[in-house]
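Line by line, the protein sequences give chains A and B. Mind the numbering: the first sequence is residues 470 to 751 in my numbering, read in order. Mind the numbering: the second sequence is residues 775 to 1025 in my numbering, read in order.
Fair warning: there could be bad hints in the mix.
[To be verified] Result set (DSSO-like, lysine-lysine): computed pairs, CA atoms no more than 27 Å apart in a straight line:
hint, chain 1, residue 1, chain 2, residue 2
1, B, Lys1010, B, Lys860
2, B, Lys981, B, Lys968
3, B, Lys860, B, Lys891
4, B, Lys891, A, Lys747
5, B, Lys981, B, Lys1010
6, B, Lys884, B, Lys912
7, A, Lys644, B, Lys968
8, A, Lys747, B, Lys912
9, B, Lys891, A, Lys644
10, B, Lys1010, B, Lys968
11, B, Lys797, B, Lys884
12, B, Lys891, B, Lys903
13, B, Lys860, B, Lys884
14, B, Lys884, A, Lys644
15, B, Lys860, B, Lys797
16, B, Lys968, B, Lys860
17, B, Lys891, B, Lys904
18, A, Lys747, B, Lys884
Keep in mind that the hints were calculated from the coordinates and are not lab data.
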Amino acid sequence: MNAAKLRQQIAFIVLGVVTLFVIAPILLTIFYVTKNGIGAISWEFITQPPRNGMRQGGIFPAIVGTILLVVGTMLFSLPLGVLSAIYLVEYARDNFFTRLVKLSVVNLSGIPSIVYGLFGFTMFVLFLRLGTSILAGSLTLAIMSLPVIITATKEALESVPVSFREISLSLGATKWQTVRHCVLPYAVPGILTGTVLSLGRAAGETAPILFTVAAFYLPRLPRSLFDQVMALPYHLYVISTQVPNMPAELSFATGFVLIALVFLMNLASIILRAHYRKKRLW
Amino acid sequence: MVAEAIIRTIDLNCWFGALTVLKDINLEIYKNEIFGIIGPANSGKTTFLRALNRLNYLNISYQQTGEIFLGEQNIRTLSDNILRKKIGIIFALPQVLPVSIYNNVAYGPKVHGFTGKDTLSQIVETALKKAYLWEEVKDRLSEPAARLSGGQQQRLCIARTLAVEPQVILYDEPCSGLDPISTAKVEDTMQQLKENYTQILVTNNTKQAGRVSERCGFFLMGELVEIGQTPVLFTKPRDKRTDDYISGRFG
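Work out the full structure: start from the sequences and follow the hints.
In structure tokens, the structure reads:
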């Protein structure tokens, strides 16, 4: 075997091992959480409110709360993010204003989540007087999700071949008809990926909901959008650090449910994406 | 007989950024003729073509002076979508939308407000027949257009343009990616369309211009060097540069 071949062999092995290190943490996390938490998972655990200072019973209100927050976040961030990305890619000319917008988007994604929490608290809870509520929490999470959705949508739109736009425009279609029929449909898979990624993160964040919506202990379902809710990540934080004599199994079980929820969302997006990919004929 | 001009350009100058692409183009194209535009690469042929339906403006660095008339109408007075409905274009490479054969042709009429199913399928059938593609695709209209051969795709593009009923059809090197047989079919189609449409053909292939066009213009480095009846231009060019190009001494 000559030296070049040997070097290639070594390179392959090094790259393979490094890649293993990338997937190891996620596999280990899932394994560890499942192993320690699966014993506490029961029908009661996911359908009943907590009892006895949260040491017994289930986490149903927190599951509902997290789902509500994810849906609320999506309702605000998806239209806002997708429409502004369409504007940036398809309509805006390259000028000072659009450069400012693009810079803002990049910087938004670099802001720590606790800062979003504080911003949401002063802006939505206090200034707009929404109170500690699902609405305030959803809006805060929505702002946090925006950069990812905008960036993903921009990339998805930019990856649609320019020729589609030229064909459509050359047939006398208006700009909007072109975007609506010849660009957006082919960008949907990319937009979906970005949206689910950012919503998965929103589902798992604690800091932004800390001051804006999360209830420490509220063993009933919310009555309106202005109500507080429990949420899985905050509940996990609370039972892991704030409640003495808490069975560790319950913490892991809560973590397991949160991971499962995010996994289900990803699964839904994979199915939708596969459906749209079938339409991709170029 | 005095031929009626359907397209007239007056002192047309075009720039991309600081680069002058066309200089003082004054040109008349007559109704129902096939007008060939020949010239080497970077001579401004495509820019001229795309100036006629304002596609050049998709590039934000584009600027233009001079006037273009469609019939009696200055095209400045037409909106982009009306103008492009009247002046259709066929691109160099067959560019189909990633939808079915039917929907490729129906797209144009749809955006112009035709919605009835029967009306649409009638328009699609007529357009495909005019482009001499109907017989080859009538049983597979719902198949993806991308499955057609290159030549069929290019005729599908012609059908798609015909479906919005333009007055003028621009061809931007329509056969540059096609084999000789497909090329012949596209050229046949163009001959058949002469009756009802004015066609402008930009081509790198001088022989094709000779075969298809009635009159021809020779562009070189942004200038319209010479214009004339195709047989005359090809056999007795007045300008030395035209002679050099046609006899293959450069380009």
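Checklist line | Broken hints, by number | finding: Hints 1, 7, 11 contradicted; others consistent.
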